[in-house]
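Colleague: Using the sequences and the accompanying hints, generate a full structural model.
Chains as they are written, first to last, in the numbering used here: chain A, 1 to 132; chain B, 1 to 132; chain C, 1 to 132; chain D, 1 to 132.
Accuracy of the hints is not assured; some may be wrong.
It does not matter which identical chain is meant; a pair holds if it fits inside one copy or across any two.
As the list claims (entries may be wrong) - Derived lysine-lysine pairs resembling DSSO-like cross-links, with alpha carbons at most 30 Å apart:
1. K68 - K54
2. K85 - K119
3. K54 - K80
4. K119 - K54
5. K4 - K85
6. K99 - K80
7. K80 - K103
8. K99 - K119
9. K119 - K103
10. K4 - K80
11. K54 - K85
12. K119 - K68
13. K85 - K68
14. K80 - K68
15. K68 - K103
Derived from the structure by calculation, the hints contain no laboratory data.
Number of protein chains: 4
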Amino acid sequence: MTDKYIFEWHDRVRDYECDIQGIVNNSNYMHYMEHARHMFLLSRGVSFSGLHEKGCDVVVARVEVQYKCSLRPNDEYITKLYVTKEGPRYIFHHAIFRKSDMKLCIRAHYVLAALVNGKLATSYPELDELLQ
Amino acid sequence: MTDKYIFEWHDRVRDYECDIQGIVNNSNYMHYMEHARHMFLLSRGVSFSGLHEKGCDVVVARVEVQYKCSLRPNDEYITKLYVTKEGPRYIFHHAIFRKSDMKLCIRAHYVLAALVNGKLATSYPELDELLQ
Amino acid sequence: MTDKYIFEWHDRVRDYECDIQGIVNNSNYMHYMEHARHMFLLSRGVSFSGLHEKGCDVVVARVEVQYKCSLRPNDEYITKLYVTKEGPRYIFHHAIFRKSDMKLCIRAHYVLAALVNGKLATSYPELDELLQ
Amino acid sequence: MTDKYIFEWHDRVRDYECDIQGIVNNSNYMHYMEHARHMFLLSRGVSFSGLHEKGCDVVVARVEVQYKCSLRPNDEYITKLYVTKEGPRYIFHHAIFRKSDMKLCIRAHYVLAALVNGKLATSYPELDELLQ
Numbered sequence: 001m002t003d004k005y006i007f008e009w010h011d012r013v014r015d016y017e018c019d020i021q022g023i024v025n026n027s028n029y030m031h032y033m034e035h036a037r038h039m040f041l042l043s044r045g046v047s048f049s050g051l052h053e054k055g056c057d058v059v060v061a062r063v064e065v066q067y068k069c070s071l072r073p074n075d076e077y078i079t080k081l082y083v084t085k086e087g088p089r090y091i092f093h094h095a096i097f098r099k100s101d102m103k104l105c106i107r108a109h110y111v112l113a114a115l116v117n118g119k120l121a122t123s124y125p126e127l128d129e130l131l132q
Numbered sequence: 001m002t003d004k005y006i007f008e009w010h011d012r013v014r015d016y017e018c019d020i021q022g023i024v025n026n027s028n029y030m031h032y033m034e035h036a037r038h039m040f041l042l043s044r045g046v047s048f049s050g051l052h053e054k055g056c057d058v059v060v061a062r063v064e065v066q067y068k069c070s071l072r073p074n075d076e077y078i079t080k081l082y083v084t085k086e087g088p089r090y091i092f093h094h095a096i097f098r099k100s101d102m103k104l105c106i107r108a109h110y111v112l113a114a115l116v117n118g119k120l121a122t123s124y125p126e127l128d129e130l131l132q
Numbered sequence: 001m002t003d004k005y006i007f008e009w010h011d012r013v014r015d016y017e018c019d020i021q022g023i024v025n026n027s028n029y030m031h032y033m034e035h036a037r038h039m040f041l042l043s044r045g046v047s048f049s050g051l052h053e054k055g056c057d058v059v060v061a062r063v064e065v066q067y068k069c070s071l072r073p074n075d076e077y078i079t080k081l082y083v084t085k086e087g088p089r090y091i092f093h094h095a096i097f098r099k100s101d102m103k104l105c106i107r108a109h110y111v112l113a114a115l116v117n118g119k120l121a122t123s124y125p126e127l128d129e130l131l132q
Numbered sequence: 001m002t003d004k005y006i007f008e009w010h011d012r013v014r015d016y017e018c019d020i021q022g023i024v025n026n027s028n029y030m031h032y033m034e035h036a037r038h039m040f041l042l043s044r045g046v047s048f049s050g051l052h053e054k055g056c057d058v059v060v061a062r063v064e065v066q067y068k069c070s071l072r073p074n075d076e077y078i079t080k081l082y083v084t085k086e087g088p089r090y091i092f093h094h095a096i097f098r099k100s101d102m103k104l105c106i107r108a109h110y111v112l113a114a115l116v117n118g119k120l121a122t123s124y125p126e127l128d129e130l131l132q
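Modeller: Structure (structure tokens):
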């Protein structure tokens, strides 16, 4: 459901991100999603470094990526995301669409945990606000 | 179980692979595993390009990565792997260990499918041999 | 002289492009300039692959990069360029400015040669048009 | 002259470092040279972070790279280097050779300056030792 998404970031493939097969290398989609995630946090006034200074470290525990369709040189793409919570964990749900036809290229889930002073926290105010 | 692994690749962290937090960026572990996977295939005399020329394309359908412990500058690491099959899909099971103490850093599963002339194949001889 | 520039590309630093020192890794500026160069060629209707199909290969012979000021996370930047010719060689002159204050970060020169059917060409029509 | 070199680092091309043309992307040679340079410093017991803590920052002022021959997937290569001094500047001279036939692929010069407490230093003991 497209309407679940609360943030989107537009960008385009850079040639050096493509490999010998002429498609974006599998690993680079993780860079795309990290960048979109950081832009989202920034748009909400939250920064990992700011959280860290308050004693809250956000760590990636698990990532699952499904590859549906490959992006190619010069393709423009849109990375969308929304956030849910499962127990103490925050789940970032990402999808990458090819802009020309909005075809789904990537679907991914990032499971993040908040460590407050090194201990797993069941919730954290600034992260809870990201749930919208 | 360590004894399941049928291939290992030794390497060391390069400083530029680390990010502002002083640890290897999440995405770069996928590069490490891709490189180990290609070295494994090469050790068995199988190449993606060679398969392609015979009309067999191996595509990544899904990846799941669990982050256990971060690698840091100058760390040496060992990427291990073994392969299983589930229905028509080949699963590459990867683990990355820090060499100094063999601590598990990453556990990951890559689900690959073989497309022969564009259609999902239930099996492919050269890939079946990778099952050992 | 700013007015020499005939193309500019706006982008922003991605966190994963920064290294342990908290600044963009030296090598990544080359990625920024390659991307701007390809966007420039695209804007002129020229593609490396298209040239290749006509038997003209454009190869990088030499690069010189001067580092003036480092870009940091979240910085927006503008890559500008113009092209000159020296004998048979095409020189791409790049500069990267920090958008917030237009401070010069990088100045670079890429020396390219056109090989037509494997032999150094003294000129090539589609490249000559890039000289404006 | 090969005998000028005082350090060498052996490594092999990773497939993801190659681009659509099937050759190592121009920018990645800078990663290769940075890694060799850091391995050299490490072999001499010098670390950038250690120098920084003593108030000495080593900054790259200029890089010049000549491209002689492209590396390809599976190529093994050797990065060699030596260091000279010109006035207050330390010059790292790099060359990358293809291991199979020792063909020269890259020749490069990195001009580094030592800033002690933010001011250009004419020399610095630990860096002078790198001159052999």
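Colleague: What label fits K54 with K85 when the C-alpha limit is 30 Å: within, between, both, or neither?
Modeller: Within one copy, since 21 Å is at most 30 Å while 45 Å is not.
Colleague: I want to check one pair: K119 and K54. Are their C-alpha atoms no more than 30 Å apart within a copy, between two copies, both, or neither?
Modeller: within (14 Å within a copy, 34 Å between copies)
Colleague: If the cut is 30 Å between Cα atoms, do K85 and K68 qualify within a copy, between copies, both or neither?
Modeller: Both ways: K85 and K68 sit 25 Å apart in one copy and 21 Å across, limit 30 Å.
Colleague: Under a CA distance limit of 30 Å, which applies to K119 and K103: within one copy, between copies, both, or neither?
Modeller: For K119 and K103, the Cα distance is within 30 Å only across copies (20 Å; inside one copy 41 Å).
Colleague: Is it within, between, both, or neither for K68 and K103, if the alpha carbons may be no more than 30 Å apart?
Modeller: within (9 Å within a copy, 33 Å between copies)
Colleague: Could you place K4 and K85 in one of the four classes (within, between, both, neither) given a Cα distance threshold of 30 Å?
Modeller: Cα proximity of K4 and K85: one copy only (14 Å, versus 35 Å across).
Colleague: Please work out whether the CA atoms of K80 and K68 approach to 30 Å or closer within one copy, between two copies, in both situations, or in neither?
Modeller: Result: close both inside a copy and across copies, 15 Å intra and 27 Å inter.
Colleague: Between copies, within a copy, both or neither: which fits K54 and K80 at Cα up to 30 Å?
Modeller: within (28 Å within a copy, 38 Å between copies)
Colleague: If the cut is 30 Å between Cα atoms, do K85 and K119 qualify within a copy, between copies, both or neither?
Modeller: within (18 Å within a copy, 38 Å between copies)
Colleague: Could you place K4 and K80 in one of the four classes (within, between, both, neither) given a Cα distance threshold of 30 Å?
Modeller: within (9 Å within a copy, 38 Å between copies)
Colleague: Go through the copies and call it for K99 and K80: within, between, both or neither, with a Cα cutoff of 30 Å.
Modeller: Classified as both: same-chain Cα gap 12 Å, cross-chain 26 Å, threshold 30 Å.
Colleague: Treating 30 Å as the Cα threshold, decide for K119 and K68: within, between, both or neither.
Modeller: For K119 and K68, only the inter-copy Cα distance (15 Å) is at most 30 Å; the intra-copy one is 37 Å.
In terms of the numbered hints stated before, the structure departs from none.
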